[in-house]
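**Student:** Got chain G sorted already, so can you dock chain L onto it with the hints?
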Amino acid sequence: MPKISASVFDLGKNALFSAQQGINLTGRNIANVNTPGYTRRRLVQGAVSSVSNGPARVERIRDRFIDDRIHLETQNLGRQEARKEILETVEVLLEGTSKSGIGAALDAFWTGWQDVANNPAGLTERSVLLSEAKTLSFAFRQTYTGLDRMKRDIDLRIKEGMSEVRRLSDDIANLNEKIAQSEIRGLDANGLRDQRGIALKSLSNLVDVVATEGENDTLYVFTAEGRSLVVNNTAAAWDPADIADGATRGRIAGWREARSDILGYMADLETLADGIMTQVNERHAKGFDLNGNTGADFFTSTPSSLLTLNITEPNQIAAAQTAGGVPGDNRNALAIADLQNQPVLEGGLSTFGEFYNALVGGVGGDVAAARQKTAYQSDMVAQLENFRESVSGVSIDEELIHLTRFQNAYQAAAKLITTADEMMDTLMNMI
Amino acid sequence: MRITQKMMIDMSRTNLLRQNEQLFHAQNQVSSGKRMTRPSDDPIGMGNSLDYRSILTGIDQHIDTIKMGRTRLEMTDQTLTVISDFLKSAGTFSRKASAPDATGRAIASEEVANARQQILQLANTRLDDSYLLGGHRTDIPPVSEGGEIQLRQGRPSRLAFGLEASASAIDIEIRDASGTLVRTLSAAGGPGILNETWDGLNQSGDPLPDGAYRFSAAAEDGPGRPVDVKTYATYNGDDGDHMAQVAKGQTIKVNANGREVFSTTNGVVDILRVLQDLETELQKPEGGFNSVKVKALVVEIDRAMNRIEQVRGRGASRLHRLDATLTFQEGLRPKMEQMLADVEDVDLTRAIVQLRAQEVAYQAALELTSRVFEPTLMDFLR
Numbered sequence: 001m002p003k004i005s006a007s008v009f010d011l012g013k014n015a016l017f018s019a020q021q022g023i024n025l026t027g028r029n030i031a032n033v034n035t036p037g038y039t040r041r042r043l044v045q046g047a048v049s050s051v052s053n054g055p056a057r058v059e060r061i062r063d064r065f066i067d068d069r070i071h072l073e074t075q076n077l078g079r080q081e082a083r084k085e086i087l088e089t090v091e092v093l094l095e096g097t098s099k100s101g102i103g104a105a106l107d108a109f110w111t112g113w114q115d116v117a118n119n120p121a122g123l124t125e126r127s128v129l130l131s132e133a134k135t136l137s138f139a140f141r142q143t144y145t146g147l148d149r150m151k152r153d154i155d156l157r158i159k160e161g162m163s164e165v166r167r168l169s170d171d172i173a174n175l176n177e178k179i180a181q182s183e184i185r186g187l188d189a190n191g192l193r194d195q196r197g198i199a200l201k202s203l204s205n206l207v208d209v210v211a212t213e214g215e216n217d218t219l220y221v222f223t224a225e226g227r228s229l230v231v232n233n234t235a236a237a238w239d240p241a242d243i244a245d246g247a248t249r250g251r252i253a254g255w256r257e258a259r260s261d262i263l264g265y266m267a268d269l270e271t272l273a274d275g276i277m278t279q280v281n282e283r284h285a286k287g288f289d290l291n292g293n294t295g296a297d298f299f300t301s302t303p304s305s306l307l308t309l310n311i312t313e314p315n316q317i318a319a320a321q322t323a324g325g326v327p328g329d330n331r332n333a334l335a336i337a338d339l340q341n342q343p344v345l346e347g348g349l350s351t352f353g354e355f356y357n358a359l360v361g362g363v364g365g366d367v368a369a370a371r372q373k374t375a376y377q378s379d380m381v382a383q384l385e386n387f388r389e390s391v392s393g394v395s396i397d398e399e400l401i402h403l404t405r406f407q408n409a410y411q412a413a414a415k416l417i418t419t420a421d422e423m424m425d426t427l428m429n430m431i
Numbered sequence: 432m433r434i435t436q437k438m439m440i441d442m443s444r445t446n447l448l449r450q451n452e453q454l455f456h457a458q459n460q461v462s463s464g465k466r467m468t469r470p471s472d473d474p475i476g477m478g479n480s481l482d483y484r485s486i487l488t489g490i491d492q493h494i495d496t497i498k499m500g501r502t503r504l505e506m507t508d509q510t511l512t513v514i515s516d517f518l519k520s521a522g523t524f525s526r527k528a529s530a531p532d533a534t535g536r537a538i539a540s541e542e543v544a545n546a547r548q549q550i551l552q553l554a555n556t557r558l559d560d561s562y563l564l565g566g567h568r569t570d571i572p573p574v575s576e577g578g579e580i581q582l583r584q585g586r587p588s589r590l591a592f593g594l595e596a597s598a599s600a601i602d603i604e605i606r607d608a609s610g611t612l613v614r615t616l617s618a619a620g621g622p623g624i625l626n627e628t629w630d631g632l633n634q635s636g637d638p639l640p641d642g643a644y645r646f647s648a649a650a651e652d653g654p655g656r657p658v659d660v661k662t663y664a665t666y667n668g669d670d671g672d673h674m675a676q677v678a679k680g681q682t683i684k685v686n687a688n689g690r691e692v693f694s695t696t697n698g699v700v701d702i703l704r705v706l707q708d709l710e711t712e713l714q715k716p717e718g719g720f721n722s723v724k725v726k727a728l729v730v731e732i733d734r735a736m737n738r739i740e741q742v743r744g745r746g747a748s749r750l751h752r753l754d755a756t757l758t759f760q761e762g763l764r765p766k767m768e769q770m771l772a773d774v775e776d777v778d779l780t781r782a783i784v785q786l787r788a789q790e791v792a793y794q795a796a797l798e799l800t801s802r803v804f805e806p807t808l809m810d811f812l813r
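Line order of the protein sequences matches chains G and L.
Quick note on this note's numbering: the first sequence kicks off at 1 and runs consecutively.
Quick note on this note's numbering: the second sequence kicks off at 432 and runs consecutively.
Next comes chain G alone, as it looks inside the complex (with noise of 0.2 Å):
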């Protein structure tokens, strides 16, 4: 026969500590709301008996694959976010239909040639081209040093990046250490593992990782090429460059893609003003000038700048195609004011406006993807937190549900210890 004493006072006791163990859950997970990256707890209640309140056990509700596809397709919405920003600087930089632009300085620079063939011995058609020339010259500059600063501010995002890389593998190799604590000591690490799944997030924003769980729940860090992030409780010891040169996914392959588009914006660039600097000079150089002297060259390049204009006086533009021909003969000035028919550049196929055209449209383009990609790559990434939300995300009903469950389960308790305090007195009474 039960002792009534000792086994319903103590299964009371007990129901109740159950009980408020389950309040107490549901009331962190209700806490917990809003909290980002929480995973919602739930409690694993063994047998409540008299001589024990259950092994409860609290579980993280998690889908470790859900989770997995989260940090890969968050490092390629990086890559692609990262790249798309970049890109659509660089947009600005190249706007095509601006009045101070490359191609609208370039129209005007034929413009003025053919002015010059129109009064070759007019000093203000002259002087007018000059200053046209200048104005081709600073927007060829303008643009070149604008793509220049941006590269090195990739550089410098990139470094920036490493940095952040090196701090966060830090940190999760400090929570690796603190969960294995916790766990020896039989306190509850949820928390710290919910912010080392935060960590790893960040992470992968940035750089391509893998992580694998290992033996005591410790997280190893590995980047897709396999170089490894963290290792046990230790984060390694990497070279920063190594890292970004390998990233194949997260922000930094995207600040890389970027960085070598831009690269090739600028060699488009040179290739141009190289062009229209050879082929002006050498047609130039077959003039006279009023001086009745060859044409000298009209445009040199130095390292700082892509065109610059080598005529200082209106004299010396070449517009005759005779030394006896001066000042009336314009031949030379129509021979340079046609070169912008002429197809020389791509191996004979574009003439200097369709090559500008065609940068400026394939800018365009890339700017186009890069932002359709990022969308999609958005809308996939937000699915997925959908689908963890779904699983992991606390909702406010179901905790209220669960409290009443509990408070119901107290009060019975309650009711339990009520009852059995009452048979005692009964049975005191009695005697």
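Derived by calculation from the structure, the hints in this document are not laboratory data.
Be careful, since some hints might not be right.
Computed cross-link-like contacts, BS3-like style, restricted to lysine-lysine with a CA-CA straight-line distance of at most 25 Å [stated by the list, open to error]:
1) G:K415 x G:K13
2) G:K373 x G:K151
3) L:K679 x L:K527
4) G:K201 x L:K437
5) L:K679 x G:K286
6) L:K684 x G:K286
Values in this document were obtained by computation on a predicted structure and should not be read as measured data.
**Tutor:** Just chain L, lined up with the frame of chain G:
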């Protein structure tokens, strides 16, 4: 699928932001009137837009050039017309002159002299600081009076003079504007028009400043008898063409040079020589007057007038070509503008309709978001 509040809120937020973006884009299109603001909005369209803009700049430039060309051709034609008129009048008077009629001959001589002066001035017509009939040499007067030199350093000057008979010693003296002798040259030859070249240096070999100089010549034949030397108006220009780019790949000549208009012999302008000789002949007294010679000279005048007519004819046909090209370019312009507008500009009606639709969708999304926040279990538990 298990739905949490966070999911509903997140979804509302994402969709609201997306609606915002689309609304912003629609507003941008309507307020700017442009379909593309950046190359990435439509990369191919942007490429076309840049093309069309270049072409439009080219068309404007060509139109300017054509107008310049027309002015030149018209002015040249005008000049040639007046020259022709003077030649005609000189010819008419000279034909009527005969040996006995001294007054008539005097009047004719004056008319011929006047014509010669005017034609010389007309040949030096300028347009905007450049001489029309000089070919490429637009910086010096194409025709200079006999005995005059326009020196430009770096270009040798041609001295032309005529001899009636052969001379073994011709002394040429070059003087500057103030009359100082700066150089002497020697030559021999004749009869006919002779040329001597002066390199612009003085007797010591130093270059002299650019400007106007005069030369005179005295000649002797073998035995030492003087030979008459005449200086005639000379042509200082060349036969260069002024080409104008009026369309892509199309140039048109828009000038006429002195050598085309007047024939020259060794630098001397023939018609002016003819007029000079005519004037001299008409002034001779009755006994020395050679009507046969005069008739021969009048024939030369007719020939010169024919030559000018031919030049005028060529000029007129070029003018027609210019007009046709102008019509073409002016017709092309609005078409290009239309193509540019089609690519760049937004269809305002469609854009506004889209804007309204976006606004409505945005409002609906906002309302929906507010509903998401409403009921939870809290409202129903006691």
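**Student:** If a hint holds in the structure, say so; if it doesn't, say that too.
**Tutor:** Comparing the hints with the structure gives:
Of the pairs offered as hints, the one joining G:K415 and G:K13 holds, with about 11 Å between alpha carbons and a cut-off of 25 Å not exceeded. Distance check on the hinted pair: G:K373 and G:K151 sit about 22 Å apart at the alpha-carbon level, within 25 Å; holds. Between L:K679 and L:K527, the direct Cα distance comes to roughly 54 Å. Violation of the 25 Å bound is thereby established for this hinted pair. Our distance criterion of 25 Å between C-alpha atoms is met by G:K201 and L:K437, whose separation comes to about 19 Å.
This hinted pair checks out: L:K679 and G:K286 have alpha carbons roughly 22 Å apart, not beyond 25 Å. For a cut-off of 25 Å, the pair hint linking L:K684 to G:K286 stands: about 22 Å separates their Cα positions.
Hint compliance for this structure: hint 3 is the single one not met.
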